[in-house]
Every structure is written in C-alpha cells, then in structure tokens.
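J.: In the order they appear, the protein sequences are chains A and B.
Here this note's numbering is used: the first sequence runs in plain steps of one and ends on residue 573.
Here this note's numbering is used: the second sequence runs in plain steps of one and ends on residue 573.
Source of the hints: derived by calculation from the structure; they are not laboratory data.
Heads up, a few of these hints could be off.
The list treats identical chains as interchangeable, and a pair is accepted whether it falls inside one copy or across any two copies.
[Said to hold, decoys possible] Mimicking DMTMM-like on lysine to aspartate or glutamate, the simulated pairs with C-alpha atoms at most 20 Å apart in a straight line are:
no. : residue 1 : residue 2
1   : K380      : E514
2   : K410      : E475
3   : K380      : E392
4   : K410      : D548
5   : K380      : E437
Residue strings, one per chain:
2 protein chains.
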Amino acid sequence: MRISELCDVSGVPLPSIKYYLREGLLPPGERTAANQADYGQQHVQRLKLVRALLEVGGLPVATAQRVIQAIDDDELPLTYVFGVAQYAISDGRVFDEVESGAGLETVDDLVDERGWTVSADNPGRFGAARVLDALDSLGHGHIAEYLPQYAEAAETIARADLATLGHHDDRADMAENVVVGTVLGDTLIQSLRRLAQENESNRRYPVGENQ
Amino acid sequence: MRISELCDVSGVPLPSIKYYLREGLLPPGERTAANQADYGQQHVQRLKLVRALLEVGGLPVATAQRVIQAIDDDELPLTYVFGVAQYAISDGRVFDEVESGAGLETVDDLVDERGWTVSADNPGRFGAARVLDALDSLGHGHIAEYLPQYAEAAETIARADLATLGHHDDRADMAENVVVGTVLGDTLIQSLRRLAQENESNRRYPVGENQ
C-alpha cells in the first residue's frame, strides 16, 4: 500500500508517519518509483507498537528508538533485550550509578537474602538504593522494614513477566513481548497498585470513622 | 535561622529555596524585619521532602505542590490524602477517564473477582484498561492471562503500603508517609521489578544457551 493508505489503515497522521520514518522507528517501505514506496502489514503492526510505547508507555522518541532496535537485532540474545528495555526505560533520574551508601548496602543484602542473581549495574539496584536513602533522610526509614514484602511482590511480577514469553516460539515475537511487557507492564502495575491501595485504605480507614 | 543558613544546612541552593517559597512548596519563614525572615527545623525537613518528590519521585513542581497541600490540610481524611497522591502522580497520559471498551470490562471483572472496593474514578482503573487495550491491539493480549498474578502482587504491595502507616500516630506524619510511600514507592517497585526480572530471566534463559 502507499503511504496515504498506511495512514488511513493505521489511523496515524501522515506527518507522524514521516517523522517515525526519519527517526528510524518505522522501517522504510519498498521503493517502487523515484518518490513512491510500498508499505505492508508489518508497517501497520510496527506503527501500533510505536504508538503504544510513546503514548501508553510514555517513552521519549529516542528511548523508543533504542528498544525497537533491540527487537530488530536478531543476533541479540533475549536476556540482553530485557537489559536494553530496562536500561532504556530507566533513563536518567534515579537510575544512574550509585557508588556506595547505606541504601546500596540494604539493596545488596536484600539481593543476597532473596538469592537473586543480578549484575552489579542493574539500574534497579541504584534506583532502589536512592529511594531507601531518601526515605531514611525524610524520617520514613521504617518503610524499608517492608522490603521483603515488596521483593516478594516483585518476584511474583517477574515470574508472570517471564511466563508471558512462553506463548511465543519466534525470537522477534518474544523480543517484542519483552519490550511491551516491560514498558506497558510498569504502567499496568502502577495502575493495579492504585486500585489495591484504595481497597486496602477503605478497609483500614473507612471514611467517617476517626482518622 | 536566616535563609542563607537554611541554604547551608539543607544543601539546597538559594535560588531553588526562593523558587519553592514563591511556588508555595515551602511555607514562609517568620518575618523578623522588613526584608528578613526566620526559618526553623520544619523548613529543613520540608526542603528534604520537596527535593525527594521532585528528584527521586520525578514529580513536576505543580504536582508536588498539590500533594504538599494535601499533607498540610489537617481537615483532609487520610483516605483522601491517598486519593490526592494517586491522582496527582497519575497526571496526564494514560490515566484519563476511559468510558468503555474491552479493557475496562476486563479491569472491572478483575476488581469483582478480587472483591476490591474501589471508586469508579480511580485512575488505576483507566490506566489498566488502556494498557490492556494496547496489549490486545499489539497481539500480546495473552499477557492479560496473568492479571491474577499481577493483582496478587498489587495486593501484597498495598498491604505493605498501608502497614507502613501503623508506625505513626500523628495525622501529619501519616499523611506525609502516604505521599512519600505512594510516590517513592512506585520508583522502589519499578526498581525491584528490574532486579527480579534479571534474576528470573537468567534462570530461564541462561546466556550462551540456545535462545
């Protein structure tokens, strides 16, 4: 199909499609004439992925680019696709390397207790350390006493995350599942936490009773 | 103490302190002369909170302002502080109201199955619905089969969230705990998920074996 048809079929405006082509988020169509190219079903599918990563996952364009490259790189083992997705969406803020401190020690102790095999540069190690240091400095260090419960929940989540991959036997599908599950999964978990919090809060502190 | 001393004690640069005062993130000091005010320990503590919300929690200034107002409003029941924290950090993107659709039905069924008591306008309801619709349109609808596991993890998290409140008996401390736990807790959970994912991925797909 021509680019105008791709636009109709996908519902994505033409300027956005052209932008994604320029930024390498969408592979070029097959050239059929000097200024004409042919697009297929894989372009429709890719557009859906790009929109979901940007709009539902909230990724910046440069980050979406990186994870899409990881999906397309057939040579990249799946474990590394996880790594790329994790690093990409952990951009900036709190996930930069932390060298030392009480928070990092607590995280490393937790990793030992749970028997987790993780690399020293996993961004989650730094993110968790920064949160623990901030909680401590704010006088809410007692929240760290619940780390085993939070870690247990993280294990339940990670087991489900990995189990979803069993539905595919094609590497490209699995790689896309890794990226989609990691990026949209964060939003899903945040959402379910909001619901469960309201339920638990209503149960413990019914409105109208003494606060 | 004078503002210059507050600057030294807290380590927050003077222009930032002045900005927070202007934006209402920091309450004014006690005026001691025409152009001089006195700041106390509560200002040092509040500066730590502001920095943690902005830098570790990644909140925009306007959002930090809203949750701080909720902490300071003694009349606001705790359940509502949860609500304000949830709504504030769920700003924009995927948490706007969704009117109908398969995703929303799936979320409502899940809420029924778990026996959760939640309001119809909980932002998590819309966020989860949007993620489920996006997964379905991407051909990864099978991820929804693991909703019970994700919901179980969310319950574990929410029980821990609420249990942390038991450490306080002062309303202001509890309200601050609610905000800090909700905002920094999201970052903590994301971080632990990264660690648990790498562990589970290493276990299931050891590098070097066939991918």
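J.: Compare the structure with each hint and give your call.
T.: Going through the hints against the structure:
1. When the C-alpha separation of K380 and E514 is checked against a cutoff of 20 Å, the pair qualifies neither within a copy, at 45 Å, nor between copies, at 42 Å.
2. Taking the shortest Cα distances, K410 and E475 never come within 20 Å of each other, neither inside one copy (41 Å) nor across copies (31 Å).
3. Proximity of K380 to E392 under the C-alpha cut-off of 20 Å is restricted to the intra-copy arrangement: shortest distance 15 Å within a copy versus 57 Å between copies.
4. When the C-alpha separation of K410 and D548 is checked against a cutoff of 20 Å, the pair qualifies only within one copy, where the shortest distance is 18 Å, while the shortest distance between copies is 27 Å.
5. Taking CA atoms no more than 20 Å apart as the test, K380 paired with E437 passes in neither setting, with 28 Å inside one copy and 53 Å between copies.
Comparing the model with each numbered hint stated earlier shows that hints 1, 2 and 5 do not hold.
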